[in-house]
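A.B. asks: Use these hints to put chain Y onto chain W, whose structure you have.
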Amino acid sequence: EPEVTQTPSHQVTQMGQEVILRCVPISNHLYFYWYRQILGQKVEFLVSFYNNEISEKSEIFDDQFSVERPDGSNFTLKIRSTKLEDSAMYFCASSPGLVAFFGPGTRLTVL
Amino acid sequence: GNSVTQMEGPVTLSEEAFLTINCTYTATGYPSLFWYVQYPGEGLQLLLKATKADDKGSNKGFEATYRKETTSFHLEKGSVQVSDSAVYFCALGDHTGGFKTIFGAGTRLFVKA
Numbered sequence: 353e354p355e356v357t358q359t360p361s362h363q364v365t366q367m368g369q370e371v372i373l374r375c376v377p378i379s380n381h382l383y384f385y386w387y388r389q390i391l392g393q394k395v396e397f398l399v400s401f402y403n404n405e406i407s408e409k410s411e412i413f414d415d416q417f418s419v420e421r422p423d424g425s426n427f428t429l430k431i432r433s434t435k436l437e438d439s440a441m442y443f444c445a446s447s448p449g450l451v452a453f454f455g456p457g458t459r460l461t462v463l
Numbered sequence: 063g064n065s066v067t068q069m070e071g072p073v074t075l076s077e078e079a080f081l082t083i084n085c086t087y088t089a090t091g092y093p094s095l096f097w098y099v100q101y102p103g104e105g106l107q108l109l110l111k112a113t114k115a116d117d118k119g120s121n122k123g124f125e126a127t128y129r130k131e132t133t134s135f136h137l138e139k140g141s142v143q144v145s146d147s148a149v150y151f152c153a154l155g156d157h158t159g160g161f162k163t164i165f166g167a168g169t170r171l172f173v174k175a
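These protein sequence lines map, in sequence, to chains W and Y.
Quick note on the working numbering: the first sequence kicks off at 353 and runs consecutively.
Quick note on the working numbering: the second sequence kicks off at 63 and runs consecutively.
So here's chain W without its partners, still in its complex pose (with noise of 0.2 Å):
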């Protein structure tokens, strides 16, 4: 059965460093989403991507995010300068319009 992969699975940062968080979404999906888990707390949506742009983001995601799909496989977020309280479980997910299907996860830590 097809699965949403995310690499790596665990990153650890300092505080005011780049990091880019990749996903492979399942094929023939159009929707492809980036959402965030605090430790312990709900899941939150950051953005949804579709036909190559930003569909939909919410206040979470600012300037310091940015979602790419530079190929035809591979989706990114990319968080400019990591603060300390961007240190969460990050979950890409896709779909082909009315279920999403989850990765596993990254888990970032910012230090």
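By construction, these hints were calculated from the structure, which means they are not laboratory data.
Hints may contain errors.
What the hints assert, rightly or not - A short, non-exhaustive set of chain W residues, derived as facing chain Y with CB atoms under 8 Å: (1) Y383; (2) K394; (3) F397; (4) I412; (5) F413; (6) F417; (7) A440; (8) F443; (9) S447; (10) V451; (11) F454; (12) G457.
As the list claims (entries may be wrong) - 30 Å max Cα-Cα, derived BS3-like pairs, lysine-lysine: (13) W:K409 to W:K430; (14) Y:K174 to Y:K130; (15) W:K394 to Y:K114; (16) Y:K139 to W:K409.
What the hints assert, rightly or not - Over 12 Å on every C-beta distance to chain Y, these chain W residues come out as not near it, computed from the model: (17) Q363; (18) M367; (19) S439.
Yeah, the Cβ is synthetic: ideal placement off N, Cα and C, and Gly gets one too.
C.D. replies: Same frame as chain W, now just chain Y:
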């Protein structure tokens, strides 16, 4: 805006007990409803879904019925196992700006042997 409210946890049960986790939603229109499960150290897995009123989603002994009149989608299982220990998230599909998923806060379930 659309939102999901679910009962706070943790919920602690003995093996073979009956489980109910309450979930209600607020939404315009008729959203799709989901339960996702997160096992310790893992990602989010779709457990079941319902796409219209009176639909019953079921999987692995879990069930939930889409109740439009009470805007609810309560999760039930007749006999829980230790392996069901996880965090359960009620969610709805928000189709207003795309197809994003809006999650409840999650309910942690502990099942004791």
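A.B. asks: Each hint needs a verdict: does it hold in this structure or not?
C.D. replies: How the hints compare with the structure:
no.: 1; hint: Y383; result: holds, 5 Å
no.: 2; hint: K394; result: holds, 5 Å
no.: 3; hint: F397; result: holds, 5 Å
no.: 4; hint: I412; result: violated, 13 Å
no.: 5; hint: F413; result: violated, 12 Å
no.: 6; hint: F417; result: violated, 16 Å
no.: 7; hint: A440; result: violated, 13 Å
no.: 8; hint: F443; result: holds, 6 Å
no.: 9; hint: S447; result: holds, 6 Å
no.: 10; hint: V451; result: holds, 6 Å
no.: 11; hint: F454; result: holds, 4 Å
no.: 12; hint: G457; result: holds, 5 Å
no.: 13; hint: W:K409 to W:K430; result: holds, 14 Å
no.: 14; hint: Y:K174 to Y:K130; result: violated, 34 Å
no.: 15; hint: W:K394 to Y:K114; result: holds, 25 Å
no.: 16; hint: Y:K139 to W:K409; result: violated, 36 Å
no.: 17; hint: Q363; result: holds, 15 Å
no.: 18; hint: M367; result: holds, 25 Å
no.: 19; hint: S439; result: holds, 17 Å
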